[in-house]
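Enquirer: Same order as they appear, the protein sequences are chains L and E. Sequential numbering of the first sequence, starting at 1, is according to this note's numbering. Sequential numbering of the second sequence, starting at 1, is according to this note's numbering.
It is possible that some hints are incorrect.
Claimed, not checked - Far from chain L, by Cβ distances over 10 angstroms, these chain E residues were calculated: (1) Gly53; (2) Asn70; (3) Ser95.
To be verified - Cut-off 30 angstroms, straight-line C-alpha distance, at most; resulting in silico cross-link-like pairs (DSBU-like, lysine-lysine): (4) E:Lys14 / L:Lys56; (5) E:Lys64 / L:Lys42; (6) L:Lys2 / L:Lys42; (7) L:Lys2 / E:Lys66; (8) E:Lys41 / E:Lys20; (9) E:Lys14 / L:Lys2; (10) E:Lys41 / L:Lys42; (11) L:Lys56 / E:Lys20; (12) L:Lys67 / L:Lys56; (13) E:Lys14 / E:Lys64; (14) E:Lys14 / L:Lys42; (15) E:Lys14 / E:Lys55; (16) E:Lys66 / E:Lys20; (17) E:Lys55 / L:Lys56; (18) L:Lys70 / E:Lys66; (19) E:Lys66 / E:Lys41; (20) L:Lys70 / L:Lys56; (21) E:Lys55 / E:Lys66; (22) L:Lys56 / L:Lys42; (23) E:Lys64 / E:Lys20; (24) L:Lys2 / E:Lys64; (25) E:Lys66 / E:Lys14; (26) L:Lys67 / L:Lys2; (27) L:Lys67 / E:Lys20; (28) L:Lys70 / L:Lys2; (29) L:Lys56 / L:Lys2; (30) E:Lys14 / E:Lys41; (31) E:Lys14 / L:Lys70.
These aren't lab readings, by the way, just hints derived from the structure by calculation. All of these numbers come straight from a predicted model, not from anything done at the bench. Glycine included, C-beta positions come from ideal geometry on N, C-alpha and C.
As a plain string of letters, each chain reads:
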Amino acid sequence: QKEVEQDPGPLSVPEGAIVSLNCTYSNSAFQYFMWYRQYSRKGPELLMYTYSSGNKEDGRFTAQVDKSSKYISLFIRDSQPSDSATYLCAMSANTGNQFYFGTGTSLTVIP
Amino acid sequence: GAVVSQHPSWVICKSGTSVKIECRSLDFQATTMFWYRQFPKQSLMLMATSNEGSKATYEQGVEKDKFLINHASLTLSTLTVTSAHPEDSSFYICSARRALYTFGSGTRLTVV
């Protein structure tokens, strides 16, 4: 079983839709959860970072962690064509430990 | 914030030649850097972990003699693709970790 599972998509939504991106994991020791966004032919950039359970909001983006279910989500409200990218989740037990990445979900927001 | 610079952003080379890609941590020291390869519409594949002052650790299936890694200082790691062939054409990305992973902008290598 992989440490982190992420549906690769592709996911296609109309502009203005709410997007839900998800990852599941198997290691209950994970406490640090990140979401990276990667545009085509660019390196991934850190989008959201959360520690332990709960929600974190930043503009149109909300990161949610449910440690009891070993499930994390990234919600994008009022999605825009500029949100079209691949989104990778990453997680770790400790910032000094190895990070585990999901395979990435490809998102296209159609104008 | 932590910044990782990668150079060049794209390169075209002839089959049989070698290409060097640089990865620099601009505002922090990185004893460890990571090199990834990414094929079109696929996720990152970790190739190797670069350790300052010591040998790199390669993932299974990655040819050490093909992909030479040198981490000579706390801010610079280089990946040299030796005797490149068309099948080595790919997007190569480096990353370094301060508290969290920061990625370089990637290098698109095309071998003709």
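Enquirer: For a quick check of understanding: which of the numbered hints are violated here, in increasing order?
Expert: Going through the list in order, the structure violates hints 3, 4, 9, 11, 17, 18, 27 and 31 and respects the others.
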